[in-house]
Amino acid sequence: MTGMEFIARVFPYLALGLFVLGTAWRFLRWRSLPAHLKWTLYPFPKGTAGQLKYMAGEIFTFGTIYRFNRRLWIGAYVLHMAMGGFVLFSILYLAGWLPGTAVRIILWILLAAPVYLVALRSFNKYLRAVTTPEEFFNLIFLAAFAVAGLAASPSAMSPRAYFVGLMLMRPDAASLPPELVPAILLGGLFLIYLPWSRMIHYISKYFAYHAIKWQKN
Amino acid sequence: MLHPPLDQQPIDPAYPFRSESPLSREERKARFLGALKGILELDLYDRPLKMYLDTCARCNNCAGQCPVFQATGDVHDLPAWRSDLLRRVYRRYFTPSGRLLGRLVGAKKLTAGDIDAMVEAFYRCTMCRRCAVHCPLAVDNALITRIGRVLLAEIGFVPKNITVSVAAQLAKGGNTSSIPPAAFIDTLDFLEEELVDETGINIPIPRDVEGAEYFFAAPVSDYIMEADTLMGIARVFHAAGASWTVGTENYDAINYGLFYSDDKLEEILNRLLAEVRRLKCGTLVIGECGHATKAALLFHKVFGRSEYRDIRIESILQVTRRFLAEGKISFAASKDQGSVTYHDPCNLGRGLGLYEEPRELLAAAGIEVVEMQPNREMNLCCGGGGGLVVAPDLHDWRMSVGGLLKAEQLRATGAKTVVAPCANCKKQLRELVQHHNIDMEVAGLHDLVGRALTREEKA
Amino acid sequence: MPTIELAGKTYEVDEDGFLEDLDKWNEEFAQAYASTEDIQGTLTEEHWKLIHYLRNYFQQFGIAPMIRKVCKDNGIDMKKLYELFPTGPAKGACKLAGLSKPTGCV
Numbered sequence: 001m002t003g004m005e006f007i008a009r010v011f012p013y014l015a016l017g018l019f020v021l022g023t024a025w026r027f028l029r030w031r032s033l034p035a036h037l038k039w040t041l042y043p044f045p046k047g048t049a050g051q052l053k054y055m056a057g058e059i060f061t062f063g064t065i066y067r068f069n070r071r072l073w074i075g076a077y078v079l080h081m082a083m084g085g086f087v088l089f090s091i092l093y094l095a096g097w098l099p100g101t102a103v104r105i106i107l108w109i110l111l112a113a114p115v116y117l118v119a120l121r122s123f124n125k126y127l128r129a130v131t132t133p134e135e136f137f138n139l140i141f142l143a144a145f146a147v148a149g150l151a152a153s154p155s156a157m158s159p160r161a162y163f164v165g166l167m168l169m170r171p172d173a174a175s176l177p178p179e180l181v182p183a184i185l186l187g188g189l190f191l192i193y194l195p196w197s198r199m200i201h202y203i204s205k206y207f208a209y210h211a212i213k214w215q216k217n
Numbered sequence: 218m219l220h221p222p223l224d225q226q227p228i229d230p231a232y233p234f235r236s237e238s239p240l241s242r243e244e245r246k247a248r249f250l251g252a253l254k255g256i257l258e259l260d261l262y263d264r265p266l267k268m269y270l271d272t273c274a275r276c277n278n279c280a281g282q283c284p285v286f287q288a289t290g291d292v293h294d295l296p297a298w299r300s301d302l303l304r305r306v307y308r309r310y311f312t313p314s315g316r317l318l319g320r321l322v323g324a325k326k327l328t329a330g331d332i333d334a335m336v337e338a339f340y341r342c343t344m345c346r347r348c349a350v351h352c353p354l355a356v357d358n359a360l361i362t363r364i365g366r367v368l369l370a371e372i373g374f375v376p377k378n379i380t381v382s383v384a385a386q387l388a389k390g391g392n393t394s395s396i397p398p399a400a401f402i403d404t405l406d407f408l409e410e411e412l413v414d415e416t417g418i419n420i421p422i423p424r425d426v427e428g429a430e431y432f433f434a435a436p437v438s439d440y441i442m443e444a445d446t447l448m449g450i451a452r453v454f455h456a457a458g459a460s461w462t463v464g465t466e467n468y469d470a471i472n473y474g475l476f477y478s479d480d481k482l483e484e485i486l487n488r489l490l491a492e493v494r495r496l497k498c499g500t501l502v503i504g505e506c507g508h509a510t511k512a513a514l515l516f517h518k519v520f521g522r523s524e525y526r527d528i529r530i531e532s533i534l535q536v537t538r539r540f541l542a543e544g545k546i547s548f549a550a551s552k553d554q555g556s557v558t559y560h561d562p563c564n565l566g567r568g569l570g571l572y573e574e575p576r577e578l579l580a581a582a583g584i585e586v587v588e589m590q591p592n593r594e595m596n597l598c599c600g601g602g603g604g605l606v607v608a609p610d611l612h613d614w615r616m617s618v619g620g621l622l623k624a625e626q627l628r629a630t631g632a633k634t635v636v637a638p639c640a641n642c643k644k645q646l647r648e649l650v651q652h653h654n655i656d657m658e659v660a661g662l663h664d665l666v667g668r669a670l671t672r673e674e675k676a
Numbered sequence: 677m678p679t680i681e682l683a684g685k686t687y688e689v690d691e692d693g694f695l696e697d698l699d700k701w702n703e704e705f706a707q708a709y710a711s712t713e714d715i716q717g718t719l720t721e722e723h724w725k726l727i728h729y730l731r732n733y734f735q736q737f738g739i740a741p742m743i744r745k746v747c748k749d750n751g752i753d754m755k756k757l758y759e760l761f762p763t764g765p766a767k768g769a770c771k772l773a774g775l776s777k778p779t780g781c782v
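Residue numbers (the numbering used here), protein chains in the order written: chain A, 1 to 217; chain B, 218 to 676; chain C, 677 to 782.
Hints are supplied without guarantee of correctness; some may be wrong.
[Stated by the list, open to error] Derived lysine-lysine pairs resembling BS3-like cross-links, with alpha carbons at most 25 Å apart:
hint	chain 1	residue 1	chain 2	residue 2
1	B	Lys-518	B	Lys-254
2	C	Lys-755	C	Lys-745
3	A	Lys-38	A	Lys-205
4	B	Lys-246	A	Lys-38
5	B	Lys-377	C	Lys-767
6	B	Lys-389	B	Lys-377
7	C	Lys-748	C	Lys-700
8	C	Lys-767	C	Lys-725
9	C	Lys-745	C	Lys-685
10	C	Lys-777	B	Lys-377
11	B	Lys-518	A	Lys-38
12	C	Lys-767	C	Lys-700
13	B	Lys-518	A	Lys-46
14	B	Lys-633	C	Lys-755
15	C	Lys-725	C	Lys-745
16	B	Lys-633	C	Lys-748
17	C	Lys-725	C	Lys-700
18	A	Lys-38	A	Lys-53
19	B	Lys-633	A	Lys-38
20	A	Lys-216	A	Lys-53
21	C	Lys-755	C	Lys-777
22	C	Lys-700	C	Lys-777
23	B	Lys-518	B	Lys-545
24	C	Lys-745	C	Lys-767
25	B	Lys-389	C	Lys-777
26	C	Lys-700	C	Lys-755
27	C	Lys-748	C	Lys-725
28	B	Lys-246	B	Lys-267
29	C	Lys-685	C	Lys-767
30	B	Lys-389	A	Lys-205
31	B	Lys-497	B	Lys-545
32	A	Lys-53	A	Lys-205
33	A	Lys-216	B	Lys-633
34	B	Lys-246	B	Lys-377
35	B	Lys-326	B	Lys-389
36	B	Lys-326	B	Lys-254
37	C	Lys-777	B	Lys-633
38	A	Lys-216	B	Lys-326
39	C	Lys-777	C	Lys-756
Since the hints were made in silico from the structure, they are not lab data. What you are looking at is a predicted structure, and each value in this text was computed from that prediction instead of being measured.
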């Protein structure tokens with residue numbers, strides 16, 4: 001197998017698999033931790049409906065940061081929405097319901113938000129004091145992925161055939177536009193890295209709220 | 218420089234609190250890491266501690282909530298920075314990424330200088346948990362502060378005023394204020410005389426009554442400082458016709474172990490429970506004291522000996538509120554109190570959810586409360602929490618930093634009285650109103666509740 | 677053990693300046709301490725009455741009495757007590773009276 005074949009036919013599955021496994025491992029690991037100490041913070045939303053409502057509101061608005069940290073919120077909120085939006089728009093594009101321009105717009109946003117956050121974290125005295133190189137690395141990683149994505153498009157070859165093949169479990173190296181290779185690599189590496197980075201909060205948030213902060217006595 | 222090396226940042230030379238460890242600077246590091254390893258292997262803190270150490274998005278949302286940071290604007294008072302003192306050590310020694318990548322992932326080798334910084338940082342946090350209310354990831358810096366202090370205690374760093382009180386409490390028949398039994402009895406007699414003077418009837422404070430339903434333990438300093446609170450509580454028990462008692466072999470609910478040591482917490486709690494058991498009482502009632510109530514209620518099932526697990530533990534706030542609900546006590550039309558505001562002690566509010574009980578009692582007693590802004594879960598710490606009120610060296614710091622926002626908040630209410638059902642808060646608030654020239658009385662909840670009771674003629 | 681020199685005499689005290697031995701107390705000790713506890717000039721009759729009252733109770737019970745008892749037994753109110761000892765009864769008054777330092781939440 002050539003390098004190109006590996007990247008086209010194996011790597012995407014490998015990255016996704018490792019992402020799922022890593023996330024599952026961390027989820028199960030945290031779930032298995034005993035909770036002897038009650039460390040509830042009062043008051044907390046009552047009932048599953050109330051808790052879901054709070055959590056959904058928090059996830060879709062970043063309300064706590066919006067209230068107290070508006071400048072960070074602009075960057076953080078846009079960044080997270082762009083990450084979700086990129087996945088969603090890509091699927092819609094592959095399904096033929098959105099033009100490629102929509103995905104490119106999202107990629108521009110996915111580039112702008114990290115750049116803004118890097119600047120904010122560099123120039124705001126208080127954010128700088130609590131920012132570690134890891135934060136910058138994560139942001140630059142995302143920005144690099146966005147750049148790679150933008151650089152690959154519009155390419156001479158439509159990437160649609162390749163990705164559809166990938167999704168149908170019939171990956172075809174010949175249909176992969178070469179310009180897309182850096183984006184595939186960066187995207188895959190990001191997925192592999194994600195569960196082991198501080199960005200694992202997409203899982204930890206569940207436990208920190210439901211299993212600790214809102215734990216009933 | 219994007220990320221200033223944390224250990225090169227000086228700790229505040231003006232901060233008056235210092236604690237000295239008998240260990241050499243080299244020994245401290247090894248023992249600190251050993252103790253951290255021990256805690257991480259302990260089932261007790263597994264879930265919250267590891268979660269808090271693993272995740273923090275460094276968004277600084279906590280900064281806006283921290284009354285200490287708000288007062289100083291100093292990067293060293295950022296809750297995320299403070300927690301990072303421990304977090305980066307954890308990452309360096311106990312996570313694969315930290316071992317491998319070091320500073321790149323915010324991990325750092327522990328130095329004796331880091332420990333110095335921690336001694337100060339963890340004793341500039343009042344453990345009020347206000348920052349945890351609005352953390353998007355629900356990280357609670359107060360638990361990290363607590364664990365940090367536990368580790369520091371393992372290597373000999375404990376504020377002297379706290380160790381002196383704890384040693385006095387753990388001596389035979391001792392208590393944190395070193396009130397000897399004879400003085401305790403004399404004080405109870407005095408309070409009974411005062412109750413006769415005030416109410417015209419005999420309201421006993423029963424001692425060593427075997428089989429009483431309620432065993433009452435106040436923070437022992439109340440027997441020096443808070444006559445009105447104790448008298449109010451006696452009036453409530455009496456009015457409700459409850460069978461209650463104090464114990465003459467252990468009459469101190471204070472548990473400073475909550476602030477720095479699980480071992481001490483456990484020992485102090487079990488000694489109190491042993492006294493409850495000696496007198497065969499069913500329920501331990503903790504007086505007006507935030508940390509003591511939290512220590513007992515939260516850690517009873519964790520550290521209480523198995524033979525004491527059947528003892529019920531309640532806050533006096535819950536008991537009095539229940540007496541009201543059951544119609545066992547009632548209130549007369551209240552005499553004009555002047556305007557009253559209510560201070561939510563952090564450990565009773567955020568810690569235990571006792572927000573409405575005191576307010577309902579005040580309302581039932583016909584006392585209108587002018588709320589502080591903000592209040593309840595967003596209330597500001599008095600500035601003396603986390604045991605800091607015990608240290609006289611910290612008086613100026615508590616006035617000008619820890620309690621600065623609180624003083625402004627008190628003044629803004631324009632109230633004549635602030636009610637705080639917590640010995641720790643009351644001491645700090647009294648010092649605050651004096652220092653900041655605020656014309657306000659500081660009172661406990663039962664001071665007012667007791668006076669508003671319908672006159673009971675049971676003698 | 678730290679010591680402190682007041683009016684030409686040396687006393688053994690704890691690190692907050694509280695006298696170690698109740699019996700080593702004398703009136704010069706109290707007077708010499710007055711200014712550090714925010715009391716202007718010489719101690720008045722009212723100060724001495726309280727100081728001796730505290731010492732008597734301490735000799736009998738090994739602790740200072742409840743603040744309300746101090747007020748009641750001496751016919752003064754809290755406000756007056758703080759006027760006499762601006763740093764508070766637990767700190768100023770006990771220190772001048774040669775009592776050991778009150779501990780805990782006092």
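Each hint, compared with the structure:
Distance hint between Lys-518 of chain B and Lys-254 of chain B is fulfilled; the C-alpha atoms sit about 24 Å from each other, no more than 25 Å. At most 25 Å may separate the alpha-carbon atoms for a hinted pair to count; Lys-755 of chain C and Lys-745 of chain C meet this at roughly 14 Å. Using a Cα cut-off of 25 Å, the hinted pair Lys-38 of chain A and Lys-205 of chain A holds, with the two alpha carbons roughly 17 Å apart. Annotation: proposed proximity of Lys-246 of chain B to Lys-38 of chain A is violated, straight-line Cα distance about 30 Å (limit 25 Å).
With a CA separation close to 17 Å, the supplied pair Lys-377 of chain B and Lys-767 of chain C stays within the 25 Å bound. Under the criterion of a C-alpha separation no larger than 25 Å, the hint pairing Lys-389 of chain B with Lys-377 of chain B is consistent with the structure, at around 20 Å. Distance restraint check for Lys-748 of chain C and Lys-700 of chain C: the Cα-Cα separation of roughly 28 Å exceeds the 25 Å cut-off, and the hinted pair is therefore not satisfied. Note on Lys-767 of chain C and Lys-725 of chain C: the hinted pairing holds, with a Cα-Cα distance of about 17 Å set against a maximum of 25 Å.
Restraint check for Lys-745 of chain C and Lys-685 of chain C: the C-alpha separation of about 33 Å exceeds 25 Å, so the hint is violated. As the CA atoms of Lys-777 of chain C and Lys-377 of chain B are separated by approximately 13 Å, the hinted pair is consistent with the 25 Å bound. Between the alpha carbons of Lys-518 of chain B and Lys-38 of chain A the distance comes to roughly 10 Å, so the proposed pair stays at or under 25 Å and holds. At roughly 19 Å between alpha-carbon atoms, Lys-767 of chain C and Lys-700 of chain C fall within 25 Å of each other, so this suggested pair holds.
For a cut-off of 25 Å, the pair hint linking Lys-518 of chain B to Lys-46 of chain A stands: about 24 Å separates their Cα positions. A distance of roughly 15 Å separates the Cα atoms of Lys-633 of chain B and Lys-755 of chain C; the hinted pair therefore holds under the 25 Å criterion. Restraint check for Lys-725 of chain C and Lys-745 of chain C: satisfied, since their Cα atoms lie roughly 14 Å apart, inside the 25 Å limit. With a C-alpha separation of about 24 Å, the suggested pairing of Lys-633 of chain B with Lys-748 of chain C holds against the 25 Å cut-off.
Distance hint between Lys-725 of chain C and Lys-700 of chain C is fulfilled; the C-alpha atoms sit about 19 Å from each other, no more than 25 Å. As the CA atoms of Lys-38 of chain A and Lys-53 of chain A are separated by approximately 23 Å, the hinted pair is consistent with the 25 Å bound. About 37 Å separates the Cα atoms of Lys-633 of chain B and Lys-38 of chain A, which puts this hinted pair outside 25 Å; it is violated. Using a Cα cut-off of 25 Å, the hinted pair Lys-216 of chain A and Lys-53 of chain A holds, with the two alpha carbons roughly 18 Å apart.
With a C-alpha separation of about 22 Å, the suggested pairing of Lys-755 of chain C with Lys-777 of chain C holds against the 25 Å cut-off. For the suggested pair Lys-700 of chain C and Lys-777 of chain C, the alpha carbons sit about 15 Å apart, so the restraint of at most 25 Å is met. With a C-alpha separation of about 30 Å, the suggested pairing of Lys-518 of chain B with Lys-545 of chain B is violated against the 25 Å cut-off. For the given pair, Lys-745 of chain C sits about 17 Å from Lys-767 of chain C by alpha-carbon distance, which is consistent with the 25 Å threshold.
Straight-line distance between C-alpha atoms of Lys-389 of chain B and Lys-777 of chain C comes to about 20 Å, which keeps the hinted pair within the 25 Å bound. Taking the CA atoms of Lys-700 of chain C and Lys-755 of chain C, the gap is near 30 Å; set against the 25 Å cutoff, the hint is violated. Taking the CA atoms of Lys-748 of chain C and Lys-725 of chain C, the gap is near 13 Å; set against the 25 Å cutoff, the hint holds. Between Lys-246 of chain B and Lys-267 of chain B, the direct Cα distance comes to roughly 21 Å. Compliance with the 25 Å bound is thereby established for this hinted pair.
Under the criterion of a C-alpha separation no larger than 25 Å, the hint pairing Lys-685 of chain C with Lys-767 of chain C is consistent with the structure, at around 22 Å. For a cut-off of 25 Å, the pair hint linking Lys-389 of chain B to Lys-205 of chain A is broken: about 47 Å separates their Cα positions. With a C-alpha separation of about 24 Å, the suggested pairing of Lys-497 of chain B with Lys-545 of chain B holds against the 25 Å cut-off. With a C-alpha separation of about 15 Å, the suggested pairing of Lys-53 of chain A with Lys-205 of chain A holds against the 25 Å cut-off.
The straight-line distance between the Cα atoms of Lys-216 of chain A and Lys-633 of chain B is roughly 37 Å, outside the 25 Å bound, and the hint therefore fails. Distance check on the hinted pair: Lys-246 of chain B and Lys-377 of chain B sit about 21 Å apart at the alpha-carbon level, within 25 Å; holds. Pair hint Lys-326 of chain B plus Lys-389 of chain B does not hold up; C-alpha atoms about 43 Å apart against a cutoff of 25 Å. A C-alpha spacing of about 15 Å is found between Lys-326 of chain B and Lys-254 of chain B, which places the hinted pair at or below 25 Å, so the restraint holds.
For a cut-off of 25 Å, the pair hint linking Lys-777 of chain C to Lys-633 of chain B is broken: about 31 Å separates their Cα positions. Note on Lys-216 of chain A and Lys-326 of chain B: the hinted pairing is violated, with a Cα-Cα distance of about 38 Å set against a maximum of 25 Å. Annotation: proposed proximity of Lys-777 of chain C to Lys-756 of chain C holds, straight-line Cα distance about 22 Å (limit 25 Å).
In this structure, the hints that do not hold are numbers 4, 7, 9, 19, 23, 26, 30, 33, 35, 37 and 38, in rising order.
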